[in-house]
Amino acid sequence: MMVEEIIHKVVDEIHFGVFSPQEVRKISVVEIQAPDTYDEDGAPITAGLMDGRLGTLEPRQRCKTCGNTAIRCPGHFGHIELAVPIIHIEFTKIIFDLLKSTCRNCGRILLPDETIKKVEARIEKTKQLLGLVPDDVYKLILQETKRKQCPHCAAPQYKITFEKPTKFSEQIPESGSEPLTPSMVRERLERITNDDLQLLGFNPATARPEWMILQVLPVPPVYVRPSITLESGIRSEDDLTHKLVDIIRINQRLKENMDAGAPTLIIQDLSELLQYHVTTYFNNEASGIPPARHRSGRALKTLSQRLKGKEGRFRSNLSGKRVDFSARTVVSPDPNLDINEVGVPLEVAMRLSVPEKVTEWNIDEMRKLVANGPEKYPGALYIIRPDGKRIRLEFVVDREKIAEAVEVGFVVERHLRNGDIAIFNRQPSLHRMSIMAHYVRVLPYKTFRLHLCVCPPYNADFDGDEMNLHVPQSEEARTEALLLMQVQDQILSPRFGGPIIGAIRDFITSAYLFTRTGNLLTKEEVNKLLLAAKYEGPLPEPKVKQPQPLWTGKQIFSLFLPKDMNYVLKANICQGCTKCLEEECKYDAYVVVKNGELISGVIDRRSIGAEQSESLLHRIIKDYGAKAGREFLNKITRMLKLYISMRGFTYSYDELVLSPKAEDRIHKTMERIEKKVEDLIESYRNGTLPRLPGQTIEDSF
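Numbering-wise (the working numbering), the sequence shown opens with residue 2 and increments by one.
Hints in this document: simulated from the structure, not taken from any laboratory.
Quick caveat, the model's predicted, so the values are computed rather than measured.
We put the CB at the ideal spot given by N, CA and C, even for glycine.
Certain hints may be false.
As the list claims (entries may be wrong) - Label pairs and their calculated CB-CB ranges: (1) 662 x 484: 32 to 42 Å; (2) 289 x 148: 42 to 52 Å; (3) 263 x 156: 28 to 38 Å; (4) 550 x 348: 42 to 52 Å; (5) 596 x 571: 19 to 29 Å; (6) 207 x 323: 31 to 41 Å; (7) 230 x 35: 14 to 24 Å; (8) 362 x 518: 48 to 58 Å; (9) 497 x 122: 48 to 58 Å.
Generate the whole structure from the sequences, applying the supplied hints.
Below, the structure is given as structure tokens:
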């Protein structure tokens, strides 16, 4: 048995060109002549638009050209022989430039031989310097070709006009405007020499200009324009097929009329109609003509519309990405979660799956999940046997039997459950913190839940934002997410070095009210707050013992600080006094932590807020690690959320009313500025306004 030698090669570059009529016929497997698609029995018509030689869409049929089934057949082109030449809508500007820059008689470029030599030297020099010739060079050459007489054959040159979308005409002084038919245009383009084409930026081997006037129309394979069968059983054809049917019908009528010697007017009308159908086949949004429409009035989506725009092949299919094992829905806030958790709706958890290998330690659990199936949570969606066969449990009737058949080595694709790792993302993904790994918490209702402290890195808010959840499908992917992408490892931003994850909004308000001087808490309140924060440790001695024990907010906040921490900071409330009183500050703005105890100062945004460098949170992460920073944030945010709920925080219209002192300052400022403006106007009128260097008096004013 001979071993087939596999040769690996690297693609260096790709060239684009224009197919010649001979090349279109060469790649074609059949000439399409019939405008119909299927016969009465539903079989493709021979030489029709769904001919079996163009490929097959049916799963059990084989292609008549390559013999492959629908999965392996690449599809094959056909062709239509056009009765008259037709201008390709996408090349009209190039054709127009060529007609203007070449002789109407001999086809030579309208440049003298001396100029041609200079142009050739310029092109060669540019190629040596840059490795290629920019379009600007060829545009300059085109501008030099404006002449009223050919320098080679002395034939007079007339003005060429172009009327969108595809009409060319020539302004002849004796007879006025005469139309240039596609046949006449093609004849002129054929006369242009290969050497002259190279001066105009063409590669004659891959793109002769006369090939831009179509004589043969390629018919794409059936995969490009598949039929669909509606629920009623009626077969519906693709928009491209509808357009090709129109082209074939008009083309046949035109051939019949030409063979029968019909009047020129009829031939001309049919030629223009064929030009319209071919134009709208390539571009149904061409200016100057109405778009081709379906019977329902909907504009057909033809070749150009399938390529360009946001929903086109390039941006949507080639640049765009779609993946499995992902979910997307609206996000809602949930301060009861940890910062590294994401709340996942039960409905999503039952649709997404995690592949888990069956071992001797988890076989009983896996069998129970298989017996539950996809409808009961927690359950499973699929079983993969060691031989690779995949069993979909949705269609299995006796699940108890198949659960018993599960052995060590099977893979069970189970429902998502608490503790699974998932990757969470909000678009646009602008930095690495736009995609982070969270632990799953399965919750009721239909939105993803997110801790408020994690909003800044995602730039998320809760006015309708949607986010994406991706479930890693291998142990390697899960391990990588855990090691590199966990939320606590992303707290410090690479942009400014400080924590991008931190307290926001109510947490900051609550922290300020909680830690300010004079805030005292009863034992019952302290117990509630510490229970919410999941604190497990002794209570400090109360600050006030009589008539009842009372603790300060600073004492309780200190319970969550590392015991050996020492730290000093000025809070946002600092008034910038000329002499800082430090711990004696009357505004309580000087934050001091000694041996893990908050001695003075209020905790505000400067200490625990997001995007604050060298803050209290920043110091904890730097000195005690990301895990300690995460636990600190989790505990204080739970406690602060409960505290502001217990205390309340009212905001009314009175907060918006300016004080008489502020209003007086505004009036005085306005009066001062108005007086200054009046003085400037007066000095301008009197001619005493000083002129600024290099400016007129008006500019200075």
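Can you let me know if the beta-carbon spacing of residue 263 and residue 156 is within 28 to 38 Å? 34 Å, holds
Are residue 596 and residue 571 spaced within 19 to 29 Å by their CB atoms? 20 Å, holds
Cβ distance range 31 to 41 Å for residue 207 and residue 323, holds or violated: The hint (31 to 41 Å, Cβ to Cβ) holds, given that residue 207 and residue 323 are roughly 35 Å apart.
Note whether the CB distance of residue 289 and residue 148 lies within 42 to 52 Å or breaks it. 29 Å, violated
Consistency of beta-carbon spacing, residue 122 to residue 497, with hint 48 to 58 Å: 56 Å, holds
For the pair residue 550 and residue 348, does the Cβ-Cβ distance stay inside 42 to 52 Å? Distance hint for residue 550, residue 348 holds at roughly 49 Å.
Within 14 to 24 Å or not, the Cβ separation of residue 230 and residue 35? With Cβ atoms ~21 Å apart, the hint holds.
Does the Cβ pair residue 362, residue 518 satisfy 48 to 58 Å? 56 Å, holds
Please check whether residue 662 and residue 484 have a Cβ separation lying inside 32 to 42 Å. Violated, since residue 662 and residue 484 (Cβ atoms, about 58 Å apart) do not stay within the stated range.
Comparing the model with each numbered hint stated earlier shows that hints 1 and 2 do not hold.
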